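Turn these sequences into a full structure, and let the hints guide you.
One letter stands for each residue in the lines below.
There are 2 protein chains.
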Amino acid sequence: MEKVRIGLIGFGCRAYGMNDILLGFDDVEIVAVCDKYEDRVENAKKRVIEKRGNTPFGTTNYKELLALDYVDAVYIATDWNMHFPIAIDALYAGKATALEVGGAYSVEDCWALVDAQEKTGTPFMFMENCCYNREELLATAIVRTGKFGKIVHLSGAYSHDLRGEVTGGKENRHYRLNEYLTRNCENYPTHELGPMAKVLNINRGNRMTSLVSVATGSFGMEDYVESRKDTIVNKDLIGVDFAQGDVVNTIITCENGETMLLRLDTSLPRSYNREFTIRGTKGMYEQNTNSVYFDGQPEYWSSIDYINKYVNSAEQFKELLPHEWKIITKEALEAGHGGMDYVELREFVDRVKDGGEMLCDVYDAAAWMVVTCLSEQSIKQNGAPQLVPDFTRGAYKTRAPKDVLEFGKME
Amino acid sequence: MEKVRIGLIGFGCRAYGMNDILLGFDDVEIVAVCDKYEDRVENAKKRVIEKRGNTPFGTTNYKELLALDYVDAVYIATDWNMHFPIAIDALYAGKATALEVGGAYSVEDCWALVDAQEKTGTPFMFMENCCYNREELLATAIVRTGKFGKIVHLSGAYSHDLRGEVTGGKENRHYRLNEYLTRNCENYPTHELGPMAKVLNINRGNRMTSLVSVATGSFGMEDYVESRKDTIVNKDLIGVDFAQGDVVNTIITCENGETMLLRLDTSLPRSYNREFTIRGTKGMYEQNTNSVYFDGQPEYWSSIDYINKYVNSAEQFKELLPHEWKIITKEALEAGHGGMDYVELREFVDRVKDGGEMLCDVYDAAAWMVVTCLSEQSIKQNGAPQLVPDFTRGAYKTRAPKDVLEFGKME
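Here the protein sequences line up with chains A and B, keeping their order. Read in my numbering, the first sequence has 259 at position 259, and its numbers run on one by one without any break. Take the position in the second sequence, starting the count at 1, then add 1000; the result is the number in my numbering.
Please keep in mind that the hints were generated in silico from the structure rather than gathered at the bench. Some clues are possibly wrong.
Claimed, not checked - Computed far set for chain B versus chain A, every beta-carbon distance over 10 Å:
1. M1001
2. D1026
3. E1038
4. N1054
5. A1116
6. G1149
7. R1176
8. R1279
9. K1282
10. G1336
11. R1351
12. G1356
13. R1393
What the hints assert, rightly or not - Simulated crosslink set (EDC-like; lysine to aspartate or glutamate; CA at most 16 Å straight-line):
14. K1051(B) <-> D1020(B)
15. K309(A) <-> D1305(B)
16. K1150(B) <-> E226(A)
17. K1326(B) <-> E1135(B)
18. K1353(B) <-> D1020(B)
19. K1229(B) <-> D1241(B)
20. K282(A) <-> E1135(B)
21. K1150(B) <-> E222(A)
22. K1282(B) <-> D305(A)
23. K1282(B) <-> E222(A)
24. K1309(B) <-> D161(A)
25. K1036(B) <-> E1171(B)
26. K150(A) <-> E1226(B)
Small disclaimer: the values here were computed from a predicted structure and weren't measured. Where is the CB? At the ideal position from N, CA and C, for every residue including glycine.
See below:
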């Protein structure tokens, strides 16, 4: 395959940015676009014409896009609740599938996705961009040297004040709004869980066995709307009850004795943070300070003054970074989320071309997304533990580790 | 009461430091000392003679100390497993009781402590020094202004690498060693829980209703001993299994919709940290950076570079600090843990003298320490939720808030 002909399904802000990166790849053509809103289809077509000259097929019905024989691959970035049906249809249609992140609504959906991929053998990549971010990769690289010893605990967060974004606009078109109005769960687990699961070789020698999840009440969104009721554009939201707890903590237990702590934190005022943290018997990594601490180093008090004086930058290990991050261009760094989107899309296109194994595969997608519906159950049951299914059907015991650091060389 | 005559029970490192502070108070006499080890009793006596000239009564049997009519008050800093029996005996003996922190072994012990205080009316103070620390008090003061809005979530940790301390020495005399060998629980919850509970007015209008607790496997202590087996003094520990998980996360749910997250983190290499964090609908506080963030401020990425540039120091609110922290002396700051031990002991002595209400009372002690045995149960049950008893027997609904910021004025 010389060129990969891609169809985009779901053309909100996310797809707009990813489309722009894809349009910069010589070996990609955007041949079709789809969104449930007509105006977005037109925007998408316009953007492709503007940047590359060709006019892609446009539709509001994704099934029409999947029926096109000249589409090799699809990138899906719709509302979360359409991720599973569209991805499953795409796999059965034989289109190499890149599925954006989100959470699952049921365990059965996750199994159906795994079944579809296994039955068809269609290439599938779960688009967890944080697995491709420089800091997470650097930390993972240090893990692989053994310098942190046995990894015991990881933690991370999706800390992102989304109050303005979710409640913004006039027409309730934001894909998260209905989620926040009607559900209460760890609705966006994968930005932190993906990189953690890679560190622990989940689905490749290890697996998640159970989780507990506890949510605060829902105060942030309502307070945000109430305190801006004179200026908010969407007056329908005034006085409305939101279902989503402001902070959801989820603790996942793994078979080899490790735990992972996730925090969803999107409806209270704060700064953006993922807080990726790795703890081992010989050392630790902290993303906020991009620092490492090893057994035997003098202990210090983690206040800002001491951190500024004493922390050891993880940058001393930058030679361990994968090739892609060593040759990263200024253009790629500026393309989206500091370079990770570029690296991730390059990986997808390269694997579609060479038929290689995807790093974040269908088992990862199922295992990571199922956290959402399990957390929903746990929260309803006052934090009661939920068993996590093994979507590899036992194969994780013998599946060879495939390191996120080994991904495609882009010489 | 002009002078408070104090008996010390349990004379390890902690009591040594606290004794030194008390010996600096003109209105205190150390009249009796007790420890189960004879050499420590002698050390204690020697120290008192050295600093103040008087020879205190010494014993290895705490009941002998409690029988002395010239003891007004006791300070208890024994092994954790003796905290409850000694404190209960002290209350029945009518000695004003200052009980050091630790965790409970059973719900029944907590009830027995509450019963003893209620039946006798003996003054009781739970010695949670972090409730008196400057940073926690400053953050709480900002909460009271309403600037953080409704408080929704708090988190904190006891992150303290204790591997060397617990496994050190020849004779297994460290009070935590047996705990780490035999139990698996949130064994030291109160340093972070105390200040959080004060913020949320627990036992005074609010209460903890349930918790879940999940532990990692136990890897850190064993790895520490194994990797130092040639040099470790206590050879008995080589090859021994520890029971305590390295990291224990506990999520507590409160009646008014708030959650509190605690992390015990004492057997992996790391820097010291309590990570006291307050999240509200209008803003947040973070102890690591001693910073505040308010709704409407420009959002930033929580990396060290941005933090250094953009965070707003909580120091802008220092006028809100209680009087004691405004007049703090250099000597007090150097006396122990940056001043909080001095302020705390001053509070105990002043309340014994004036008969005033203790800030951290028996209901606080019971509610905070019970977390340990409940977490032990939860961990055994794979994280199953445990109900937290209401030790106020319903009185929390009408008990007036008593703010930690109002403690005794030391003009």
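For the pair supplied as a hint, K309(A) and D1305(B), confirm whether the alpha-carbon distance does not exceed 16 Å.
-> holds (13 Å)
So is D1026(B) really clear of chain A, every C-beta pair being over 10 Å apart?
-> Non-interface label on D1026(B) holds, nearest chain A Cβ at 32 Å vs cutoff 10 Å.
Regarding the pair K1051(B) and D1020(B), is the alpha-carbon distance no greater than 16 Å?
-> Holds, at about 8 Å.
Distal placement of N1054(B) relative to chain A, Cβ over 10 Å = Non-interface label on N1054(B) holds, nearest chain A Cβ at 37 Å vs cutoff 10 Å.
Nearest-CB test (10 Å) between chain A and E1038(B) = Fine: 33 Å to the nearest Cβ keeps E1038(B) off the interface.
Is it true that the CA of K1036(B) sits at most 16 Å from the CA of E1171(B)?
-> holds (14 Å)
Given the hint that K1229(B) pairs with D1241(B), test it: the Cα-Cα distance must not exceed 16 Å.
-> holds (14 Å)
Is K150(A) close enough to E1226(B), meaning Cα to Cα at most 16 Å?
-> holds (13 Å)
Minimum Cβ separation between R1351(B) and chain A greater than 10 Å?
-> The claim stands: R1351(B) keeps its Cβ more than 10 Å from every Cβ of chain A (closest is about 30 Å).
For the pair supplied as a hint, K1326(B) and E1135(B), is the alpha-carbon distance within the 16 Å limit?
-> holds (13 Å)
Decide, holds or violated, for the assertion that all CB atoms of chain A are farther than 10 Å from the CB of G1149(B).
-> Nearest chain A Cβ is 6 Å from G1149(B), so the label is violated.
Keeping to a limit of 16 Å between CA atoms, is the pair of K1309(B) and D161(A) held or broken?
-> Not OK: K1309(B) and D161(A) at ~20 Å, beyond 16 Å, violated.
Violated hints, listed in ascending order, are 6, 8, 9, 18, 20, 22 and 24; each of the other numbered hints is respected by the structure.
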